[in-house]
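What follows is the residue order along each chain.
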Amino acid sequence: MVRKRKRGGESDAVTATVVVMALYITDSGPNSVRAVANLEAICQQHLKGNYRLEIIDVLQYPLRALAAGIVVTPSLAKLSPLPIATVVGNLSDKSGVLRALGIVDSAT
Amino acid sequence: MNSAHPQLNPVPSGSGIERDFQKAILRLVKGGPERQAIEAGQIDAIVDPASGNSILLPEAQRALIERKVGFRSLIGLAFDWYWEQDACYRFVSHRGATDDADGMAEEGIIGKALWDLSIDNMSEVDWRTHRQQLEWRVIFRDLEIRRVDRAGKTRYLSISGEPIFDDRNHFKGYRGITRDITERKQAEALVQQPHRFDRAVIDALGASIVVLDHAGFVLSVNQAWRDFATNHAGVGTCVAVGANYLGACDAACGTEQVDGMAIAAGIRQVIGGERALFRYDYACDSPTGRTWWALSVSRMVENGNASAAVFCEDITERKRAELLLRLEFAVARCLADAATTASALQSVIRVICETQGWDCGRYFSLDRSAGVLRFDGSWGVPAAVVEEFLEKSRGMVFRPGAGLAGRVCESGQPLWIVDGTRGAAVSQMALAPETGEHGACVFPVTADEKVIGVLAFSAGHVAEPDDRMLQAVRSIGSQLGGFLLRQRSVEALQRSEMRFRTLNDLTSDWYWEQDSNFRFTQVVGCSAFGTAAILGKTHWELPNVIVTDEGWAEHKAQLAARWSFCDFEFAIADSDGKHAYYSVCGEPVYDDADTFTGYCGTGVDITKRKRAEIALRESEARLRAPAAPSTGRSIRW
Numbered sequence: 865m866v867r868k869r870k871r872g873g874e875s876d877a878v879t880a881t882v883v884v885m886a887l888y889i890t891d892s893g894p895n896s897v898r899a900v901a902n903l904e905a906i907c908q909q910h911l912k913g914n915y916r917l918e919i920i921d922v923l924q925y926p927l928r929a930l931a932a933g934i935v936v937t938p939s940l941a942k943l944s945p946l947p948i949a950t951v952v953g954n955l956s957d958k959s960g961v962l963r964a965l966g967i968v969d970s971a972t
Numbered sequence: 136m137n138s139a140h141p142q143l144n145p146v147p148s149g150s151g152i153e154r155d156f157q158k159a160i161l162r163l164v165k166g167g168p169e170r171q172a173i174e175a176g177q178i179d180a181i182v183d184p185a186s187g188n189s190i191l192l193p194e195a196q197r198a199l200i201e202r203k204v205g206f207r208s209l210i211g212l213a214f215d216w217y218w219e220q221d222a223c224y225r226f227v228s229h230r231g232a233t234d235d236a237d238g239m240a241e242e243g244i245i246g247k248a249l250w251d252l253s254i255d256n257m258s259e260v261d262w263r264t265h266r267q268q269l270e271w272r273v274i275f276r277d278l279e280i281r282r283v284d285r286a287g288k289t290r291y292l293s294i295s296g297e298p299i300f301d302d303r304n305h306f307k308g309y310r311g312i313t314r315d316i317t318e319r320k321q322a323e324a325l326v327q328q329p330h331r332f333d334r335a336v337i338d339a340l341g342a343s344i345v346v347l348d349h350a351g352f353v354l355s356v357n358q359a360w361r362d363f364a365t366n367h368a369g370v371g372t373c374v375a376v377g378a379n380y381l382g383a384c385d386a387a388c389g390t391e392q393v394d395g396m397a398i399a400a401g402i403r404q405v406i407g408g409e410r411a412l413f414r415y416d417y418a419c420d421s422p423t424g425r426t427w428w429a430l431s432v433s434r435m436v437e438n439g440n441a442s443a444a445v446f447c448e449d450i451t452e453r454k455r456a457e458l459l460l461r462l463e464f465a466v467a468r469c470l471a472d473a474a475t476t477a478s479a480l481q482s483v484i485r486v487i488c489e490t491q492g493w494d495c496g497r498y499f500s501l502d503r504s505a506g507v508l509r510f511d512g513s514w515g516v517p518a519a520v521v522e523e524f525l526e527k528s529r530g531m532v533f534r535p536g537a538g539l540a541g542r543v544c545e546s547g548q549p550l551w552i553v554d555g556t557r558g559a560a561v562s563q564m565a566l567a568p569e570t571g572e573h574g575a576c577v578f579p580v581t582a583d584e585k586v587i588g589v590l591a592f593s594a595g596h597v598a599e600p601d602d603r604m605l606q607a608v609r610s611i612g613s614q615l616g617g618f619l620l621r622q623r624s625v626e627a628l629q630r631s632e633m634r635f636r637t638l639n640d641l642t643s644d645w646y647w648e649q650d651s652n653f654r655f656t657q658v659v660g661c662s663a664f665g666t667a668a669i670l671g672k673t674h675w676e677l678p679n680v681i682v683t684d685e686g687w688a689e690h691k692a693q694l695a696a697r698w699s700f701c702d703f704e705f706a707i708a709d710s711d712g713k714h715a716y717y718s719v720c721g722e723p724v725y726d727d728a729d730t731f732t733g734y735c736g737t738g739v740d741i742t743k744r745k746r747a748e749i750a751l752r753e754s755e756a757r758l759r760a761p762a763a764p765s766t767g768r769s770i771r772w
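Residue numbers (my numbering), protein chains in the order written: chain A, 865 to 972; chain B, 136 to 772.
Calculated directly from the structure, the hints in this document are not laboratory data. Cβ atoms here follow ideal geometry from the backbone N, Cα and C, with glycine treated the same way. A couple of the hints might just be wrong.
Claimed, not checked - Result set (BS3-like, lysine-lysine): computed pairs, CA atoms no more than 27 Å apart in a straight line:
1) A:Lys958 with A:Lys942
2) B:Lys165 with A:Lys942
3) B:Lys247 with B:Lys288
4) B:Lys672 with B:Lys745
5) A:Lys958 with B:Lys672
To be verified - One side only, chain A facing chain B, incomplete, derived with CB under 7 Å:
6) Thr881
7) Val884
8) Asp891
9) Pro894
10) Pro926
11) Ala929
12) Ala932
13) Asn954
To be verified - Take a look, some chain B residues computed to stay more than 10 Å from chain A by CB distance:
14) Val164
15) Lys247
16) Ala322
17) Gln327
18) Glu626
19) Asp702
20) Arg746
Could you build all of it, start to finish, from the sequences and the hints given here?
Structure representation (structure tokens):
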């Protein structure tokens with residue numbers, strides 16, 4: 865399963881930095897499902913549409929996981945902007961995810 | 136193991152084996168965050184860095200198994216069988232989602248195409264369409280088939296399928312599902328059974344029926360209405376379900392405007408409750424000619440809403456019969472009123488033309504002595520073309536068997552040319568100069584079952600005759616023939632009388648009639664007596680008539696015996712004592728009941744002859760006896 869999501873209008877992209885991410889999951893594994901839901905919530909709240917997310921099922925595309933050096937699923941890889949960062953687990957640690965994505969949480 | 140599939144090796148949850156498995160997994164993972172995540176239970180699978188295969192952790196594995204079972208369960212709810220076909224559309228796989236008996240497997244479905252199975256509701260066209268779909272590689276849904284299973288029960292199956300392609304996008308076959316929809320179809324049939332019956336009854340009715348809502352929109356029509364709308368022009372005939380019938384009536388124009396307005400007003404009155412029933416007869420034009428319809432509108436109320444049911448019944452046959460009967464009466468009246476043959480012919484042709492909408496008609500009389508049909512009379516609408524055509528017809532002669540009139544004369548059967556522009560019976564070249572039109576109706580005029588003439592009518596369009604029309608033309612031909620024959624006899628009699636009178640005038644001086652008592656009732660041309668002096672008197676009562684007693688006795692005996700008498704001679708002495716001599720002839724007259732009504736006869740003045748005879752006799756007497764003295768005149772009657 866590869867799902868690509870692009871949010872936000874072109875006009876917004878001119879001014880805001882677009883975060884490019886890849887989330888590696890295992891079909892409908894419980895943690896994978898949870899990771900997708902957590903990441904969707906974080907993106908909606910903090911990135912306001914300025915992101916591109918690709919969800920890759922390693923059961924269908926194992927070579928993609930090997931190429932990206934993914935060892936466990938679910939794993940979130942932030943590809944852009946640099947630096948590249950990886951978060952493993954079901955992304956329930958919101959602050960850790962925000963840190964990895966380079967987002968400063970105004971609430972904390 | 137396929138790299139695209141996880142290693143499904145269920146491990147009992149919470150068991151020692153699971154803990155050992157987790158320890159082994161942890162040994163594979165070198166990174167700290169990964170290990171922490173595994174220990175926190177946030178990982179579903181570990182990717183083998185050598186092969187790329189995923190090793191599912193127990194919890195994820197259980198979740199996937201449960202999901203698969205759940206999916207299969209859901210799939211089982213959606214269809215009854217799953218199947219696959221090869222590139223030749225032959226079934227290569229057919230599995231049931233449940234353990235129910237298959238609707239098709241019992242027949243041995245593998246290796247066969249769908250159309251090889253015993254399916255009884257698909258026609259050749261249906262199969263051709265389905266195969267075309269397959270050839271086009273389209274997804275087909277809910278193909279409903281019907282078949283009888285081994286138990287003899289009818290089963291309905293719904294089949295859906297989609298094409299399968301390999302990695303190189305080559306067509307591999309079809310896969311799809313089959314659902315048993317027998318119960319649903321049976322339920323539908325039960326629900327529709329009464330409705331179907333009602334519908335079949337309504338469709339079987341000969342009357343055209345259309346149901347309108349309160350605004351005049353068509354809610355439903357029956358089969359007769361559809362046929363009527365297809366084959367006829369006229370008010371509201373082109374209105375289909377969903378259209379507004381009242382609007383169509385309101386929009387009628389030309390010759391249909393009056394009918395349209397009347398019908399719309401009647402329907403509105405019925406829907407509005409002003410009247411319970413509205414009836415109206417009107418005409419429509421169809422490719423086969425004019426038709427008549429009796430329209431009746433009834434009020435319907437359903438759930439408080441008023442609507443109307445419009446019935447149209449074809450009364451063309453009845454109407455035509457009425458018109459033809461009226462035509463026959465009109466022809467009879469024309470013949471009764473006609474003073475001459477020419478006026479009778481003209482008025483009959485005219486009334487036929489006006490009733491049938493034909494342009495002109497001509498009568499050709501059969502001249503038996505010459506063996507030809509001669510133009511004898513005509514009538515036409517006041518149009519230059521028609522008048523020219525009729526003018527050209529004057530003097531036209533047909534031999535029996537030649538031309539339309541000749542053919543009818545020979546066969547004695549009516550001839551119809553519905554459209555002279557087509558059909559092999561009469562060529563256009565032959566028809567045009569003869570009729571001047573595309574349509575013609577030619578029928579014989581008969582008397583005593585013999586053809587005595589032919590009536591030929593021409594028109595732009597002549598409708599195909601029905602039995603009643605043929606009967607009417609036979610009747611008219613016979614009426615006219617009888618009239619012409621009688622008229623011919625009357626004219627012959629008149630001519631004969633005229634000749635007789637002429638001859639009578641030449642051979643006699645007067646004509647007389649007596650009643651049964653031998654009294655004069657009529658005297659024409661007699662100069663011997665004044666009419667007033669004769670009428671009411673017997674011959675022997677007349678003054679100055681000189682007849683011997685024997686003569687009177689003999690004459691009266693003849694009259695009493697009702698004998699005819701001839702050359703009864705008498706003399707009348709005038710004031711100067713001179714005699715005038717007359718001779719009368721008479722014969723008894725009887726009425727229809729053979730009762731004696733009197734005498735009639737003629738009289739001749741024979742004075743000159745008698746005086747010459749007397750002079751001759753006197754001269755002879757003088758020659759024989761010159762010395763004998765004359766004793767005076769004596770006359771013996």
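Of all the hints numbered above, which does this structure not satisfy? Sort the numbers upward.
5, 6, 7, 12, 14
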